Amino acid sequence: MSQVVTRFAPSPTGFLHIGGARTALFNWLYAKRHGGRFLLRIEDTDRERSTQGAIDAILDGMRWLGLDWDGDVTYQFARAPRHREIAEELLAKGKAYRCYASAQELEEMRERARAEGRPPRYDGRWRDRDPSEAPAGVAPVIRLKTPQDGETVIEDAVQGRVVFPNKDIDDFVLLRSDGAPTYMLAVVVDDHDMGVTQIIRGDDHLTNAARQKHIYEALGWEAPKLAHIPLIHGPDGAKLSKRHGALGVDAYRGMGYLPTALRNYLLRLGWSQGDREFFTTPEMIEAFDLESIHRSPARFDFVKLENMNGHYLRSSEDSELLEALIATLPYLEGGAALAAKLDDKRKTQLAAAMPGLKARAKTLNELVDGSGFLFAERPLTLDAKAAALLSPAAKAHLAALTEKLAALEEWSAAATENIVRETAAAQGVKLGDLAQPLRAALTGRTTSPGIFDVLAILGKEESLGRLRDQAA
RNA sequence: GCGCCCAUCGUCUAGAGGCCUAGGACGUCGCCCUUUCACGGCGAAAACACGGGUUCGAUUCCCGUUGGGCGCGCCA
-1 MSQVVTRFAP SPTGFLHIGG ARTALFNWLY AKRHGGRFLL RIEDTDRERS TQGAIDAILD
59 GMRWLGLDWD GDVTYQFARA PRHREIAEEL LAKGKAYRCY ASAQELEEMR ERARAEGRPP
119 RYDGRWRDRD PSEAPAGVAP VIRLKTPQDG ETVIEDAVQG RVVFPNKDID DFVLLRSDGA
179 PTYMLAVVVD DHDMGVTQII RGDDHLTNAA RQKHIYEALG WEAPKLAHIP LIHGPDGAKL
239 SKRHGALGVD AYRGMGYLPT ALRNYLLRLG WSQGDREFFT TPEMIEAFDL ESIHRSPARF
299 DFVKLENMNG HYLRSSEDSE LLEALIATLP YLEGGAALAA KLDDKRKTQL AAAMPGLKAR
359 AKTLNELVDG SGFLFAERPL TLDAKAAALL SPAAKAHLAA LTEKLAALEE WSAAATENIV
419 RETAAAQGVK LGDLAQPLRA ALTGRTTSPG IFDVLAILGK EESLGRLRDQ AA
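Under my numbering, the letters of the first sequence match residues -1 to 470, in that order.
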């Protein structure tokens, strides 16, 4: 009876953006924290703008983020008859009325209000008119009769007590002239019917909360508790645009972020308990509360997300990370090419290289990039910095080293290290003077996992081949 | 324009009247470690928007100003 029920209710007019993802996360966390249910509702009453592609993207994004919902997805449009029924009920109770004002009339109303410095709102001209005055051939909308005096008080878990003057709340539309419900009506009816006990949504809905409260009151329904969380801003403090963070969550997957890292980052954006930065999923569920949500908006910072992602990458088990990497390959830059070459041998090499690779990567894309040397075909193409390392003198040193390595019987990181160190000493050069050209010849880069590990992973034949390629 | 919300280092934040010479994290800079890069370690620079109150005492409470955000659709 007192079970907590939360919901995430996106409209499928675009992808699941980062702000929506955080809202979903908070709802999910709250439900988990209280042993409740987390429901998903697609608000597709706007037939013009809702698309199946957007629905798929949202569901896919939720799954990727690991935000599983309970039960079936509710599609709001399918509930239109129920919404109409409630609108009729309100009409019958005298809590709502038919309005025949034309679009042009409404436009004039708004313009006049603006000109006179009043809030642009419906003036209630059909509020008390007799239905017999209805113009012929005009399909009416149904509007709620809202209180004209006094104030509406919202008790919000995040915003506290917020008071709106009722004179600023007009008789808004519940049912459109074509019989379709508006968002305002649908959201109230659905939340009620779905048994939602706690609404957590963006604070762009705060003023809507006051309107919706009047619907609940007109219906005699108990309203869910509210929590309006601040929106996420872009790095410049302005609204999130596609330029900075308002990308679909699939874009974050494509940028190589781990869902666990993104969740942790999102949690800490506008929610905090002391100085603590990292939370595992069970820890987040245990710690999450509405009281610790801030009222001030936070800016999205890719740099910090990246750092956090690096932390998660490094602390991942090699096998799990490899699995995650392979699963994400189709979405990563250069991932498809890598996937095509990933046979059992390469997979084994990749697994062996993982400790050295993950220490140098902040994203899965960097992991892909760093593992490039495993998949490169001889003769390797060297990048500029690597090529610069292979001076004639360095090549001479390498040539000598190559012959010693060729004579090596037991090929291991430890064994090759001995040879390389001995050779450097014999040649009277520092280890780095030999190791760096070696790395350049072996990987084509100046950055890679430890060079002795690279030798071991590549194997004797391939290593010697690459060295001889560069000797010429 | 009207209504509502917000305001601590560049960013995320700690701070709930004296514990603050304002703490942590990311980023930045310097040093160390090192075969490179990265990781890691050490250290540095860096903030209470402004103005009034209240108080013995304000980052913390109140008011105003400024700045930012959101809302004001037969969109959601």
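Each hint should be verified, as a subset may be incorrect.
What the hints assert, rightly or not - Here are the simulated EDC-like cross-link-like pairs (lysine to aspartate or glutamate), alpha carbons at most 20 Å apart as the crow flies:
1. Lys402 - Glu459
2. Lys237 - Asp176
3. Lys302 - Asp342
4. Lys402 - Asp342
5. Lys93 - Glu46
6. Lys345 - Asp467
7. Lys143 - Glu86
8. Lys458 - Glu407
9. Lys93 - Asp248
Keep in mind that the hints were calculated from the coordinates and are not lab data. Model, not experiment: these values are computed from the prediction.
Okay, the hints, checked on the actual structure:
1. Lys402 - Glu459: Holds - the C-alpha atoms of Glu459 and Lys402 are around 14 Å apart, at most 20 Å.
2. Lys237 - Asp176: Roughly 34 Å separates the two Cα atoms, so the pair is violated.
3. Lys302 - Asp342: The hint is violated at about 35 Å.
4. Lys402 - Asp342: Violated. Lys402 to Asp342 sits at ~30 Å, over the 20 Å cutoff.
5. Lys93 - Glu46: 30 Å, violated
6. Lys345 - Asp467: 25 Å, violated
7. Lys143 - Glu86: Holds. Lys143 to Glu86 sits at ~13 Å (cutoff 20 Å).
8. Lys458 - Glu407: 9 Å, holds
9. Lys93 - Asp248: Answer violated: Lys93 to Asp248 is near 44 Å, above 20 Å.
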